[in-house]
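Colleague: Chain by chain, the residues:
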Amino acid sequence: MKNYVFRPLYVIIGLVIAVLIFREFYVPKDFGTHGESYMYGWHRKGNEEEWKAFKVKYRFDNEYCKDCHSDKYESLMQAPHAIIKCENCHGPALDHPSDPPKLVVDKGRGLCLRCHSSLPYPQSDRINIRGIDPDKHNPDMECSMCHNPHKPSLEGLK
Amino acid sequence: MITRRDLIKVSIAGAAVPLASAKIISAADTLFPERFEKQNIRWVFIVDTKKCVGCGMCVKACKDENEVPYDANITRTWVERYVLTKDGQVFADSPKGARDGFTGKKIDRGEKGFHDIKDEEIQKAFFVPKLCNQCESPPCVQVCPVGATYKTEDGVVLVDRKWCIGCGYCIMACPYGVRFFHPVHRVAEKCNFCYHRITKGMKTACVEACPFDARMIGNIKDPDDPVTKIIQNERIAVLKEEYGTNPQVYYLGMSKEVR
Amino acid sequence: MIPIEVHGEAWTLKELFTYPNEYIYWTIQIVMYPFMTGLVAGAFVLSSLYHVFGIKQLKDMARFALVFSFALLPVAPLPLLFHLQQAQRNINVFMTPHFTSAIAAFGLVFATYGALVAYEIWFVYREHLVKTALSLRDKADKTMSENVRYFVNNFLTFGAYDISEEAIARDEKSVKLLASIGIPIACFLHGYAGFIFGSVKANALWMTPLMPVIFIMSAIVSGVALCMLTYIIVMELRKLLADRKKPSRFHVTPDDLKSAEINEIKLTSRYLLLFMIFAISLELLDLIFRGYTAVKSWDILRSVIYGKDFANIFILQYLIGNLLPFAMFLLPGLTIRRTVIGTLLVLFGVFMMRWNVVIGGQSFSLTFAGYMHYVLPVIPHNMETYKEGVFGALTVMATPYVLFWLLNKIFPVFIGETSH
Chain A
1 MKNYVFRPLY VIIGLVIAVL IFREFYVPKD FGTHGESYMY GWHRKGNEEE WKAFKVKYRF
61 DNEYCKDCHS DKYESLMQAP HAIIKCENCH GPALDHPSDP PKLVVDKGRG LCLRCHSSLP
121 YPQSDRINIR GIDPDKHNPD MECSMCHNPH KPSLEGLK
Chain B
1001 MITRRDLIKV SIAGAAVPLA SAKIISAADT LFPERFEKQN IRWVFIVDTK KCVGCGMCVK
1061 ACKDENEVPY DANITRTWVE RYVLTKDGQV FADSPKGARD GFTGKKIDRG EKGFHDIKDE
1121 EIQKAFFVPK LCNQCESPPC VQVCPVGATY KTEDGVVLVD RKWCIGCGYC IMACPYGVRF
1181 FHPVHRVAEK CNFCYHRITK GMKTACVEAC PFDARMIGNI KDPDDPVTKI IQNERIAVLK
1241 EEYGTNPQVY YLGMSKEVR
Chain C
2001 MIPIEVHGEA WTLKELFTYP NEYIYWTIQI VMYPFMTGLV AGAFVLSSLY HVFGIKQLKD
2061 MARFALVFSF ALLPVAPLPL LFHLQQAQRN INVFMTPHFT SAIAAFGLVF ATYGALVAYE
2121 IWFVYREHLV KTALSLRDKA DKTMSENVRY FVNNFLTFGA YDISEEAIAR DEKSVKLLAS
2181 IGIPIACFLH GYAGFIFGSV KANALWMTPL MPVIFIMSAI VSGVALCMLT YIIVMELRKL
2241 LADRKKPSRF HVTPDDLKSA EINEIKLTSR YLLLFMIFAI SLELLDLIFR GYTAVKSWDI
2301 LRSVIYGKDF ANIFILQYLI GNLLPFAMFL LPGLTIRRTV IGTLLVLFGV FMMRWNVVIG
2361 GQSFSLTFAG YMHYVLPVIP HNMETYKEGV FGALTVMATP YVLFWLLNKI FPVFIGETSH
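Protein chains in written order, with the working numbering: chain A, 1 to 158; chain B, 1001 to 1259; chain C, 2001 to 2420.
Some hints here could point you the wrong way.
Here are the simulated distance ranges between beta carbons [as the list claims (entries may be wrong)]:
no.: 1; chain 1: B; residue 1: Gly-1113; chain 2: A; residue 2: Pro-120; range: 20 to 26 Å
no.: 2; chain 1: C; residue 1: Ile-2288; chain 2: A; residue 2: Lys-29; range: 50 to 56 Å
no.: 3; chain 1: B; residue 1: Lys-1256; chain 2: A; residue 2: Asn-128; range: 23 to 29 Å
no.: 4; chain 1: C; residue 1: His-2373; chain 2: B; residue 2: Lys-1256; range: 27 to 33 Å
no.: 5; chain 1: A; residue 1: Met-141; chain 2: C; residue 2: Gly-2307; range: 21 to 27 Å
Hints in this document: simulated from the structure, not taken from any laboratory. By construction, the Cβ of each residue, glycine as well, lies at the ideal position given by its N, Cα and C atoms.
With these hints in hand, go ahead and build the complete structure from the sequences.
Modeller: Take a look at the structure:
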């Protein structure tokens, strides 16, 4: 009877073993230290592939748009706006034209004001962009009523 | 500052490690042969604050590309505006993370309302884009209790959405405030240099969306990469160096007022 | 379109320049977490004073504190479960612990500590378990509840029915051993809770190596105070019972209880004062050191400590929560009523200390140029504002009493002379 003092310890050890067995089934097999160290590399390896398989939405390839929309493309390439990617204004192409068949264009003033609301910031290139005061410059009108975004120079006013 | 000599050291070390470890192949290692693929990539980022005009196209593209709810007040990347007045005051804001750019002159001061600065009072003003620094010693990874966030071998810190318990310790540990809880997935979320794009040979959405080339991404282990050349030859800075995180987003045109 | 709720936005007011993703992410439940763990650790240390250092006068209090510590134990992780965004994955902490994280240690330290306290309780109550089991075994036509009690008691003895004097002496020795191992583990359990905060280098208010020590000291203070308070409440209830049905099964008169009570309380309050002195000195040292060294973050910290949080820190925590009860315990002629008020104030003071660390640490922005204000959700309008609001905290606070009531059925705290 002397050894009864260890009986709860056996119960505890039994519980620990049960947890360890459960752990074998619960933890994915590819979980471990991958990479240079345990501190920064302790993870489930499969997750890297999951992130790689994340869907790409933006193509950011104006050449992709060129084939079907050559007129717009040619016009844009002549203009200062050539530095802006088609998808910046037209939204992510995804698998257009199959899916989605039509891209929604953001025609609000807000899109143009991102650059053309005048801000006198000397240490930023913003000061070199031709800008307007949005509260004074035809506040109720959409910019595209007068300006052609694909040929935006003042000479190209509609 | 990384010098050419450091880079050579890095590439030598990079070549030597797989050779050395190949001698001690264990059963676990043969399960993961990719461990032996020579890692010749370390993604780094350059932000040229002088080129940034605060249009916020990068933020918009990032939210679309990475399925970060567009109207939720959290974002993987953002742009800050700093305005220094002639009397020495510093004002800064980043309304909605500059998702809609900076279209007005008023500074957003949260609960304190908006502050109007007259044009003639402005001494210095500029924009600073921010994103995850993909630190070489990421404190957010160090504190994750379950191994749900980690640094890949090409240097990007990722979050395992299926394993994260949502304790928020990583959010607390990041000195740059880049982490937040994803409102839909309810796990820690952060910029991952568009890992799905860069691993396919594309550039990140924010780099592509910037019309002014204020953002660049590259591989610092490739000596011919334009990004590597800039880091080698230009005067560069990183954010909050004092935390010892060894950030890998380098800034051109940095200023002491930047937080 | 339904606006998507950002975690933290509901209770955070942002002021001046803050980063877009900054919110109060750690809220009332993370205040509750170190508060509850502190109570566990403190209660255990109090019980060990008797078992290890043989302070005989604390006999009653010691057994009480041990069972109460065990009742508090499951409640320590409860605030974390309320706080986790993916609470159903909490088991991951045990499954894939990442030991460079202070939180990962929680799984192991907590389990070890729980096992140790259970082990100690087993030795303390083994004799009682055996006696109950034996008396029930011999009883014919047991009722349903007696059957259950017999089964539970019989099972918990693990078949160790030896209650000879020799065996009892061995039990006592084992209790002493376990209690002495328990003290460092209890301190470690709570010290690491302090480490969770103290090691966050991104947080200017939290980052100090003193944090774990401050947490341990205030933990013991709160644990002792709560034990005193609960002890008084239980004793008062017993007095009422003893008054009503004489002779009661305790075979004691209200007067016996009264003198026993005040003696235990007087002695315990001395330990309370001792640990309060340690706790306050360390906290003041931390404050003075920060002000004197005045590193980059001091400007914003000063504006928080002496400005925005002045009332919380200096009036609620130090004045009402520390100085006032300190004076109350120090004045001669300690009465039960004064003790009740004093312990309540001490508990409030420790709670405010946790609050000022957890919420205070997030009340300024990482930019050092802006502030965040925490608006504690009172009336919940969804699960989130319940869990991280007043009612969530009250749930956590009430749970140990329910558990204590249940545990008391098996391990009666006041069994007179039958136990050690």
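Colleague: Could you run down the list of hints and mark each one as holding or not?
Modeller: Right, here's what the structure says about each hint:
The hinted range of 20 to 26 Å is satisfied by Gly-1113(B) and Pro-120(A), whose Cβ atoms lie roughly 22 Å apart. As the Cβ distance of Ile-2288(C) to Lys-29(A) is approximately 54 Å, the hint placing it in 50 to 56 Å holds. In this structure, Lys-1256(B) and Asn-128(A) meet the distance hint of 23 to 29 Å, their C-beta atoms being roughly 24 Å apart. Hint check: His-2373(C) to Lys-1256(B), Cβ distance near 28 Å, so the stated range 27 to 33 Å holds.
At about 48 Å, the beta-carbon gap between Met-141(A) and Gly-2307(C) misses the expected band of 21 to 27 Å.
Hint 5 alone, counting from the list given before, is not met by this structure.
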